[in-house]
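Use these hints to put chain B onto chain A, whose structure you have.
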Amino acid sequence: GQQLNQSPQSMFIQEGEDVSMNCTSSSIFNTWLWYKQDPGEGPVLLIALYKAGELTSNGRLTAQFGITRKDSFLNISASIPSDVGIYFCAGHSSAGSARQLTFGSGTQLTVLP
Amino acid sequence: NAGVTQTPKFQVLKTGQSMTLQCAQDMNHEYMSWYRQDPGMGLRLIHYSVGAGITDQGEVPNGYNVSRSTTEDFPLRLLSAAPSQTSVYFCASSYAGPGNTGELFFGEGSRLTVL
Chain A
1 GQQLNQSPQS MFIQEGEDVS MNCTSSSIFN TWLWYKQDPG EGPVLLIALY
51 KAGELTSNGR LTAQFGITRK DSFLNISASI PSDVGIYFCA GHSSAGSARQ
101 LTFGSGTQLT VLP
Chain B
114 NAGVTQTPKF QVLKTGQSMT LQCAQDMNHE YMSWYRQDPG MGLRLIHYSV
164 GAGITDQGEV PNGYNVSRST TEDFPLRLLS AAPSQTSVYF CASSYAGPGN
214 TGELFFGEGS RLTVL
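Respectively, the protein sequence lines represent chains A and B. Going by my numbering, the first sequence opens with residue 1, and the numbers climb by one from there. Going by my numbering, the second sequence opens with residue 114, and the numbers climb by one from there.
Derived from the structure by calculation, the hints contain no laboratory data. The beta carbon of each residue, even a glycine, is placed where N, CA and C say it ideally should be. Take the hints with a grain of salt, since some may be wrong.
[Unchecked claim] Partner residues are not named here, just some residues of chain A that face chain B (Cβ under 10 Å, in silico): (1) Gln6; (2) Ala48; (3) Ser93; (4) Gly106.
[As the list claims (entries may be wrong)] Okay, the calculated beta carbon distance ranges per label pair: (5) Asp151/B - Asn75/A: 19 to 29 Å; (6) Leu45/A - Pro174/B: 23 to 33 Å; (7) Gln9/A - Gln170/B: 25 to 35 Å; (8) Leu228/B - Glu41/A: 23 to 33 Å.
Only chain B is shown next, with the shape it has when bound in the complex:
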């Protein structure tokens, strides 16, 4: 019953530090994505992937990198953290084949604070 697993759940960084948020799903979903959640702004798409080896930018991609070497994993990298990247990050996945409805399955979130 793992679904979408994110690590770490909490992280504090100093400005300029780098880190990777991990995301893994065990549902064999082709589509995976990263969102950030900020007060009053809902969920904004950072990057997404429609399959292994394929990634694309979402609404707010600057400052973040992603890769998709396997179907299961979709890590999000912050190369040089900035205070504006303080947020709660959610990884989500969905079935992307014929008849897909867009329903996303979310992880529990990773709360990042950049000092």
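Just chain A, same shape as in the assembly:
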């Protein structure tokens, strides 16, 4: 089946630093999505990317859909304490019955004051 490799698994950063995380896939996706999960909550969508090469920003967040359609990255600039959580990438393929999302294993982000 489809697999997503997400890195890094965890990050400890100082408040104010920038953060970068990425996902690579063995398969092509038509959509890349980035979710954030706060402790004790379900994941919430941060950014969605729909076209190869697309670069999208949402406040301090920037994400890109790789040209090969097999990778994506998420950057967070000037981190703040509320950025703490688990970040997941997810790929969506419309091929066959694979309407479901495939998720990466997550990046646990800790922001130190």
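Just chain B now, kept in the frame of chain A:
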């Protein structure tokens, strides 16, 4: 503003017991799914449904049953709980019509411990 509602939030079972995790959504979404979340493994799809009366298996379906009698509800049944089913379970839904982007809306999760 209910969105996706899961119950219970916490449950402890003994090996061999059965139970049902409830999921309801009020967004009229055709697509509903169940994921389990385990440390270091991300979210893995258990079962999904593209509409009332239609269900299919995901990546890790063994030990779980689902049914979809209405658009709103998608319960997940554990027939004989095993310690390997200790996990956090998330129900999610999305619009599945033309132009759907795959964006999932998640419930708050149900934490299950099997002793």
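- [ ] Of all the hints given earlier, name the ones this structure violates by number, lowest first.
- [x] none
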